[in-house]
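Chemist: Got chain H; can you put chains G, D and A on it based on the hints?
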Amino acid sequence: MNKDLYLVEGAITNDLVANYISRTNQTNNGAHSIFLGQVRNDIIDNKEVKAIEYSAYSEMVKSEMDKLVDLIKTKYDDVHNIIVKHSIGIVKTGEVSLFVLISSGHRKQAFSASKEFVDLIKEHIPIWKKEMFSDKTHVWK
Amino acid sequence: MNKDLYLVEGAITNDLVANYISRTNQTNNGAHSIFLGQVRNDIIDNKEVKAIEYSAYSEMVKSEMDKLVDLIKTKYDDVHNIIVKHSIGIVKTGEVSLFVLISSGHRKQAFSASKEFVDLIKEHIPIWKKEMFSDKTHVWK
Amino acid sequence: MKVKILFFGVLSELTNSNQIIIENIDSLQNLISLLENKYEKLKSHKYQISLNKEIAHNTDILLKDMDEIALLPPFAGG
Amino acid sequence: MKVKILFFGVLSELTNSNQIIIENIDSLQNLISLLENKYEKLKSHKYQISLNKEIAHNTDILLKDMDEIALLPPFAGG
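Protein chains in written order, with this note's numbering: chain H, 1 to 141; chain G, 1 to 141; chain D, 1 to 78; chain A, 1 to 78.
Isolated chain H, as found in the complex (with noise of 0.2 Å):
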């Protein structure tokens, strides 16, 4: 799975965050702007949320994601470089579940960029998630 572009099995680790930050270097790069979603303890019918299971239709992710990229670096002249990571599979809460890194020359676009970015996926992107309980009860979301 580490092979694949935009999905990452299991939690997106500390690690991976740091590796694709020490690579944003480039001297015509003035800002970056990072989004970590990380899945919270939600309470849903009196319970805790203990994890999400996220699933994906995988080819479609690929020939979506591969067209909001294409229309942020489209929209936005002074983004240099897009970096995103969505996890499948199960995420604890405290973990992260999505990896944006949107480079820039100036701060202004990469803001506007990144907000946008992530709000395309959550209306774009074919993943879905299921809620589970430490009673081992589930929810579809």
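Fair warning: there could be bad hints in the mix.
[Stated by the list, open to error] In silico negatives: residues of chain G with every beta carbon more than 12 Å from chain A:
| id | residue |
| --- | --- |
| 1 | 25 |
| 2 | 45 |
| 3 | 76 |
[Claimed, not checked] Below are the SDA-like pairs computed for lysine to any residue, each with C-alpha atoms no more than 25 Å apart in a straight line:
| id | chain 1 | residue 1 | chain 2 | residue 2 |
| --- | --- | --- | --- | --- |
| 4 | H | 108 | A | 73 |
| 5 | A | 46 | G | 59 |
| 6 | H | 141 | G | 92 |
| 7 | H | 108 | G | 59 |
| 8 | G | 92 | A | 20 |
[As the list claims (entries may be wrong)] The calculated label-pair distances, taken between Cβ atoms and stated as ranges, are:
| id | chain 1 | residue 1 | chain 2 | residue 2 | range |
| --- | --- | --- | --- | --- | --- |
| 9 | H | 63 | G | 77 | 34 to 42 Å |
| 10 | D | 2 | G | 28 | 46 to 54 Å |
| 11 | H | 71 | G | 134 | 35 to 43 Å |
| 12 | H | 5 | G | 53 | 46 to 54 Å |
| 13 | G | 122 | D | 52 | 17 to 25 Å |
| 14 | D | 41 | H | 59 | 20 to 28 Å |
| 15 | H | 106 | A | 44 | 25 to 33 Å |
| 16 | H | 48 | G | 22 | 21 to 29 Å |
| 17 | D | 23 | G | 25 | 24 to 32 Å |
| 18 | A | 37 | G | 22 | 53 to 61 Å |
| 19 | G | 134 | H | 13 | 33 to 41 Å |
| 20 | H | 5 | D | 64 | 22 to 30 Å |
Hints are computed from structural coordinates only; laboratory data are not their basis.
This structure is a prediction, so every number in the text was calculated from the model and none was measured.
The beta-carbon is built from N, C-alpha and C at its ideal position, and this holds for glycine as well.
Modeler: Quick look at chains G, D and A alone, frame taken from chain H:
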């Protein structure tokens, strides 16, 4: 200088950033917005910037940054945590001079707070930069 | 001719299937009717349909051999 | 009574000083006049003034012993 809450001597290292990211696993957080400001190889009068030397009115940085952190936490009630580090001294092109990490329950406030906070830092924090060229000349900013 | 149907998220649980093969079906419209007859509960769920990994914005489409159709409940990534 | 004056950024280069001490000066207004006489080039630079680490929005302020005044060119952090 490591004991300073906001100022770091020289470039902000990947290790420092990774270290703060590794501590973001409180389970009530759902989103982290991270901003890295990096020294860019701008061209000024046909000369390329090689490094920036930052200087600061350190005590006022402390009091003004305290105010900005309070302002953001008051305005954005979903924001649980704010980390900010700025370099003083010399930072070379491709190196990071500003690190902001904002953690919140949901992504909307993390994004908005992060953008507003960085704008406020640029406007209110008493830090100056000397852009240095390879021929030993410089320009104040 | 055969087409492949994929079920995702809550729909895979509800149909107890990740994928099935359907033979001799001419249009997307007729395929959906067939599936909603076979799995009654589909009718009470909201979903989009993709044909060969592209969202189908209408169902008035003829199917070809080896087409891949997926039933996609609302996305919930992030 | 004495007050301390700090110069930052381009102003420290222009005055060749990071800080100086001025004695027997009564108001911020008079201090600024004195400094702009002592360092002519200050007149052609834009700067804010802080008094004891708070931005002073007017100069009609009496000074006290040990006050710390800073001349702050436009900020350029980040």
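Chemist: Residue 108 of chain H and residue 73 of chain A: Cα distance at most 25 Å?
Modeler: 24 Å, holds
Chemist: Verify that the Cβ of residue 25 of chain G lies farther than 12 Å from every Cβ atom of chain A, and report whether the claim holds or is violated.
Modeler: It holds; residue 25 of chain G is separated from chain A by about 28 Å at its closest Cβ, greater than 12 Å.
Chemist: When you look at the beta carbon of residue 45 of chain G, is every beta carbon of chain A farther off than 12 Å?
Modeler: 16 Å, holds
Chemist: Is the gap between the beta carbons of residue 5 of chain H and residue 53 of chain G within 46 to 54 Å?
Modeler: Violated, at about 40 Å.
Chemist: Starting from the range 53 to 61 Å, see whether the pair residue 37 of chain A and residue 22 of chain G falls in it by beta-carbon distance.
Modeler: 56 Å, holds
Chemist: Starting from the hint 33 to 41 Å, judge whether the C-beta atoms of residue 134 of chain G and residue 13 of chain H obey it.
Modeler: 39 Å, holds
Chemist: Indicate whether the distance between the beta carbons of residue 63 of chain H and residue 77 of chain G respects the range 34 to 42 Å.
Modeler: Holds: the Cβ-Cβ distance is about 39 Å, inside 34 to 42 Å.
Chemist: Is 21 to 29 Å right for how far apart the beta carbons of residue 48 of chain H and residue 22 of chain G are?
Modeler: 23 Å, holds
Chemist: Starting from residue 46 of chain A, check that the Cα of residue 59 of chain G is at most 25 Å away, please.
Modeler: 22 Å, holds
Chemist: Quick check on a hinted range of 17 to 25 Å for residue 122 of chain G and residue 52 of chain D, using CB atoms only.
Modeler: Once the Cβ atoms are compared, 48 Å apart, the range 17 to 25 Å for residue 52 of chain D and residue 122 of chain G is violated.
Chemist: For the pair residue 23 of chain D and residue 25 of chain G, does the Cβ-Cβ distance stay inside 24 to 32 Å?
Modeler: About 50 Å separates the Cβ atoms of residue 23 of chain D and residue 25 of chain G, which means 24 to 32 Å is violated.
Chemist: Is it true that residue 41 of chain D and residue 59 of chain H lie within 20 to 28 Å of each other by Cβ?
Modeler: At 26 Å between Cβs, range holds.
Of the numbered hints given earlier, the model fails hints 6, 7, 8, 12, 13, 17; all others are met.
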